[in-house]
Amino acid sequence: MRYERPETIEAAIALLADAEAKSFVLAGGTDLLVRMQNDTFEADLIVDIKSIEGMDAVTQTDDGFLIGAAVSAAALSENAALVAEWPGVVEAANLIGSTQIQGRCTMVGNLCNASPAADSVPALVAADARVRIAGPDGSREVAILDIPTYPGKTSLTKGEIIVAIVLPKAATRSGDAYLRFTPRTEMDIAVVGVGINLTLDEGGVVAAARIALGAVGPTVSLVEEAAKALIGSKLDQAALDALASACSAASNPIDDKRGTIAFRKQVAGVLARRVAQTAYTRAGGK
Amino acid sequence: MSFDAAYQSKVLKSVGTRPLRPDGVDKVTGRARYGADFNMPGQLVARVLRSPHAHAKIKSIDTSRAAAAKGVKAIITAADLPDLTDGNRSLFAILDNCMARSKAMYDGHAVAAVAAIDEKAAKVALQLIEVEYEVLPHVVDVDAAILPDAPVLNDTIFTKGVEPIPKTPSNVANQAEFGHGDVEAGFMQAEVIVERSYKTEQTHQGYIEPHACVASCNTDGTAELWVCTQGHFVYRQTCADLLGLEVSKLRVTSSEIGGGFGGKTHVWAEPVALALSRKAGRPVKLVMSREEVFRASGPTSATSIDVKIGTKKDGTITAAQATLRYTSGPYPDTWAEIGAMTSFACYDLKNVKTVGIEVIVNRPKVAAYRAPSAPMAAFAVESAIDELAHKIGMDAVDFRIKNAAKEGTRASYGPIYGPIGIGPTLEAAKTHPHMSAPLGKNQGRGMACGFWFNFGGQTCTDLNVSADGTVTLAVGTVDVGGSRASLSLIAAEELGIDYQDIKAVIADTSTLGYNDMTDGSRGTFSSSMATISAARNAIEVMRHRAAMMWDIPPEDVYWEDGHAVAAGTKHGNRAPLSVKEIAAAAGNTGGPIAGHSELVADGAGVSFATHICDIQVDPETGSSRILRYTVIQDAGKAVHPAYVEGQYQGGAAQGIGWALNEEYIYGSDGRLQNPGFLDYRIPVCSDLPMIGTQILEIPNPNHPYGVRGVGETSIVPPLAAVANAVSNAIGLRMTHIPISPPRILAALNDAARN
Chain R
1 MRYERPETIE
11 AAIALLADAE
21 AKSFVLAGGT
31 DLLVRMQNDT
41 FEADLIVDIK
51 SIEGMDAVTQ
61 TDDGFLIGAA
71 VSAAALSENA
81 ALVAEWPGVV
91 EAANLIGSTQ
101 IQGRCTMVGN
111 LCNASPAADS
121 VPALVAADAR
131 VRIAGPDGSR
141 EVAILDIPTY
151 PGKTSLTKGE
161 IIVAIVLPKA
171 ATRSGDAYLR
181 FTPRTEMDIA
191 VVGVGINLTL
201 DEGGVVAAAR
211 IALGAVGPTV
221 SLVEEAAKAL
231 IGSKLDQAAL
241 DALASACSAA
251 SNPIDDKRGT
261 IAFRKQVAGV
271 LARRVAQTAY
281 TRAGGK
Chain E
1001 MSFDAAYQSK
1011 VLKSVGTRPL
1021 RPDGVDKVTG
1031 RARYGADFNM
1041 PGQLVARVLR
1051 SPHAHAKIKS
1061 IDTSRAAAAK
1071 GVKAIITAAD
1081 LPDLTDGNRS
1091 LFAILDNCMA
1101 RSKAMYDGHA
1111 VAAVAAIDEK
1121 AAKVALQLIE
1131 VEYEVLPHVV
1141 DVDAAILPDA
1151 PVLNDTIFTK
1161 GVEPIPKTPS
1171 NVANQAEFGH
1181 GDVEAGFMQA
1191 EVIVERSYKT
1201 EQTHQGYIEP
1211 HACVASCNTD
1221 GTAELWVCTQ
1231 GHFVYRQTCA
1241 DLLGLEVSKL
1251 RVTSSEIGGG
1261 FGGKTHVWAE
1271 PVALALSRKA
1281 GRPVKLVMSR
1291 EEVFRASGPT
1301 SATSIDVKIG
1311 TKKDGTITAA
1321 QATLRYTSGP
1331 YPDTWAEIGA
1341 MTSFACYDLK
1351 NVKTVGIEVI
1361 VNRPKVAAYR
1371 APSAPMAAFA
1381 VESAIDELAH
1391 KIGMDAVDFR
1401 IKNAAKEGTR
1411 ASYGPIYGPI
1421 GIGPTLEAAK
1431 THPHMSAPLG
1441 KNQGRGMACG
1451 FWFNFGGQTC
1461 TDLNVSADGT
1471 VTLAVGTVDV
1481 GGSRASLSLI
1491 AAEELGIDYQ
1501 DIKAVIADTS
1511 TLGYNDMTDG
1521 SRGTFSSSMA
1531 TISAARNAIE
1541 VMRHRAAMMW
1551 DIPPEDVYWE
1561 DGHAVAAGTK
1571 HGNRAPLSVK
1581 EIAAAAGNTG
1591 GPIAGHSELV
1601 ADGAGVSFAT
1611 HICDIQVDPE
1621 TGSSRILRYT
1631 VIQDAGKAVH
1641 PAYVEGQYQG
1651 GAAQGIGWAL
1661 NEEYIYGSDG
1671 RLQNPGFLDY
1681 RIPVCSDLPM
1691 IGTQILEIPN
1701 PNHPYGVRGV
1711 GETSIVPPLA
1721 AVANAVSNAI
1731 GLRMTHIPIS
1741 PPRILAALND
1751 AARN
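Going down the list, the protein sequences come from chains R and E. Numbering-wise (our numbering), the first sequence opens with residue 1 and increments by one. Numbering-wise (our numbering), the second sequence opens with residue 1001 and increments by one.
Hints are supplied without guarantee of correctness; some may be wrong.
Pairs of lysine-lysine, DSS-like flavour, derived with a Cα cap of 25 Å [said to hold, decoys possible]:
#, chain 1, residue 1, chain 2, residue 2
1, E, Lys1279, E, Lys1103
2, E, Lys1199, R, Lys257
3, E, Lys1249, E, Lys1279
4, E, Lys1312, R, Lys22
5, E, Lys1350, E, Lys1402
6, E, Lys1402, E, Lys1312
7, E, Lys1249, R, Lys22
8, R, Lys22, E, Lys1120
Hints are computed from structural coordinates only; laboratory data are not their basis.
Kindly produce the complete structure, drawing on both the sequences and the hints.
Following this line, the structure appears as structure tokens:
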């Protein structure tokens, strides 16, 4: 196995594009290093992107935030402007693993690992975040939702690297939140995850809503029906009931070692109510 | 020299204090040597090929391609571990479990092993071994395994313990019955009866250190084994038996141990490593992965238990019975029998009957797990006791106090109790502030009692006084919970010297006589007895040396407070001689000073505990959080109270994990779905509150200081205490462990529907 630590994105892309066999990008390594312990794991090339300039930076722009691919979850929580504008995204990233893991893990890694249970992904989808991709054929920008295609699979092509997450500027009177269900308090994987971003009008009525579910299908999903349930409401009981029903209905989980279908569908609705109320309060709703 | 083990009440100076453990600094700095930290020049790396099938006939194994692979030095199959067990069925089970002979009996069962120059070469070789299986029908569930249509896993098993012996084979290996009185008559007298069935899932000890060893066989018939174990003398015996070695020619050295909890009382990989080393002619290192530990070491039984208890409305239990079905994995064992013995041990019952049924399934061979078999039985019985108390409107503690066993009670498993601690732990629970603390919405409190036998056994200890008066203590029981500190305190107490002047080590099998392993909560109990005896023997030597130094008769010298003192007015002007002074002169008074002891530590006092648990349940998700937890347990005498508290807390933490989330999950293909700590959920720190402890000291009459074993009982009550707390929080009786969020939510949904 070859380990490379290129200093430019071009060099990193060239390494990956030329690699003949199994190659992996290494950022925080909290998924990759664990997988490397498996008997069945094989790698020919590991490309560590942490030495590439800008990868570890959070930049506030006129349009929002640019978060480098090697920025750790802990670093996100230390950026006051980001926490103020996107508290749901930051709290989601800081539910991954444990304090020690959060010092290493990255949102881009969480996304590229392509687990349906990734904590930061529903929050990013709710925030309508995009990713900037660099590859042999140049750069492109795509929605978060379009990256994972199946558990463990992404839409990235050979040689492509996600270099940053692009978070839009949060709308006025908006708020986001994320909650996940795990049997343990930490060091656990979401059985259900819900990310919600709400924007209110001047009267406190929900004008826009994005609701994303994790761990209840092969990839994270954006639930339009759930958004419809909230838009036009002030989160009254009927709206929350409709939200819960829509989220339960949109859940398409499996029975597995982490939970049953019935449990996941029901808890998706319960969490959606709770997350919506937090997002609403953060948006200034009363 | 004869040794009087009877309890003597006296003021103790060292015993009962809390000094730092001697192994602490090495452990927190990473310097301590665990199983995988041993290395030998030229050692090979071993890997084991395991069956992917829950039940399959091994039709053929072709190792020729693997043997030709680069770097491969030896490959073994069952053929390289010929059957030398001579009709000993339990030894044969160990052998067959180490390396499957004709059939793979569970997912993960070893079928071949490779020793190669490095891990990569070994892994490549594994892939080149061709095993032809004929997959057979399997069964993993305890209840399904005893149904008439279940596949019979071993057609030589005809249920033992029933008359007449069945004519057809089945998965019930044996049946054992205990009790006294007439339960049918007892139930006739009952005014209220609770009858329920309970289930517990299989759990693993979850020790952080995987099994690891280095084996080195020499051509002259000697061999060495460095291994992480709870009992190196027992490992030596088993490995020698399986490999056909002379016992004294196999030297086994135990490493530091990163947890065992019963799981390291049994050999898994060690005979394999020895066989590979014998074949390769080089040392072989074998370290199991976490996945292998889950799939192929020794978890505890899954159980299905029926309980029936009847009481009068005044709280007098008139009859109690239980039928307990325990899985033992693919080979017959006695786990159900032990469960049946412990089930009603806390109570004074006129009419009691328990039946233990041992069930064979396609799961790993069960090993001991901290008070093995007792927690599941206690879960079922203490749940029913709790429900009965509710039904007759009596406080759950008072109900238990009214029926608690006491000195003179005939235990449900046979013996008559001496002085015991169940009553005092219950009285302490009744007055504990925890019991009267207020509870909020969605919160519930549960309590439960637990019993464990404790064990003594064969023990051998050496105590050597060095020239500077410091002392080395060589013991043969592996230190799993701070026993080197405790035993040093004991030696300090006896000799009358400082704890700091004693260095305790775990001797290897060639430098000390045989010791049973550290199980049955016996480490500190039995080795402290042997240490006291060895210290008294050393004092006897020192008394004679002092007499020689003073040139007076030994009868005129007595030992007091760390010094030889000359008796009577005749010698009254002589200053007492310290250990240091006597040791310094040893070269001129007869040579080295030592005390030796070999004994069977009889009379390990039985142990009881009462636990109290507060829990909060989220009724919308079924999630639960332990809010407060208190352990009250009889220690006899707490030698090192901080480590006794640690044992109480550790057992409670493991029991809470078992109660709420831990379980082996099998797919319909019989394969283990969660062989890792991500999906086999032991509690993390933030899942638990600081666990409160209260040590009671009811002296064990059979130990000089009154010590009882403390290591295991603390895991017995938690399953029931947590289940009772959840049941009280949600108003529904939870009968299936683990009480995971999906199970709680499903129960709440069912109740809402009805």
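Against the structure, the hints:
no.: 1; hint: E:Lys1279 to E:Lys1103; in the structure: holds (23 Å)
no.: 2; hint: E:Lys1199 to R:Lys257; in the structure: holds (18 Å)
no.: 3; hint: E:Lys1249 to E:Lys1279; in the structure: holds (18 Å)
no.: 4; hint: E:Lys1312 to R:Lys22; in the structure: violated (72 Å)
no.: 5; hint: E:Lys1350 to E:Lys1402; in the structure: holds (13 Å)
no.: 6; hint: E:Lys1402 to E:Lys1312; in the structure: holds (12 Å)
no.: 7; hint: E:Lys1249 to R:Lys22; in the structure: violated (49 Å)
no.: 8; hint: R:Lys22 to E:Lys1120; in the structure: holds (17 Å)
Checked against the numbered hints given earlier, the structure breaks hints 4, 7 and satisfies all the rest.
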